[in-house]
Amino acid sequence: MRARELASTYPTVSADDDALAAARLLVRDQLPALLVLDRDDYPYAAVPSARVVSALLPWYLREGPILAAEVDDHSEDEAREAMAGTSVAEWLPRGRITPPVVGPDAAPSQIAALMARKDTPLVAVVERNGDKATLIGAITAAALLEHFIGGS
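Going letter by letter, the sequence shown gives residues 1 to 152 in full-length UniProt numbering.
Misleading hints may appear alongside valid ones.
Computed spacing ranges between beta-carbons, pair by pair [stated by the list, open to error]: (1) Gly103 / Leu145: 17 to 23 Å; (2) Arg4 / Gly95: 16 to 22 Å; (3) Asn129 / Val53: 36 to 42 Å; (4) Gln110 / Lys132: 21 to 27 Å; (5) Gly85 / Ala107: 42 to 48 Å.
Please keep in mind that the hints were generated in silico from the structure rather than gathered at the bench. Ideal Cβ positions, reconstructed from N, Cα and C, are used throughout, including at glycine.
Please work from the sequences and hints to get the whole structure.
What follows is the structure in structure tokens.
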């Protein structure tokens with residue numbers, strides 16, 4: 001089996017898309033990460049869901065877990081409001097998380113090694129034809145685990 005068989009269609013967003021809509025996409029589809037494409041539809045960033053959760057919190061709550069225990073439910077409203085009206089680009093972590101990319105003929109062991117090295121739950125599969133690159137889909141950690149150890 002190769003990457004092209006393991007890959008599945010994966011929802012994507014662009015850096016110009018609405019940040020709140022992108023976060024809702026994560027929730028709706030229960031995605032492990034947000035896959036952001038550049039203007040050429042090439043994988044630009046992969047943002048794990050935990051990073052999205054972190055982006056919702058004001059810095060003082062991320063840095064002070066004791067304070068977070070004391071804050072009431074108003075902080076949840078503030079988190080939504082802070083994200084409203086912003087773009088994905090404004091909301092991306094400062095250290096952009098470049099998504100690992102493999103070609104369609106990559107072996108599962110290559111994909112697993114890359115996923116482990118980059119500590120990411122997602123690998124994009126891109127087919128190149130000359131100067132043009134086409135996103136085939138993505139392979140999630142869950143899909144790769146299913147390949148190696150089987151389903152439930």
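Could you work out which earlier hints the structure fails to respect and list their numbers in ascending sequence?
-> 2
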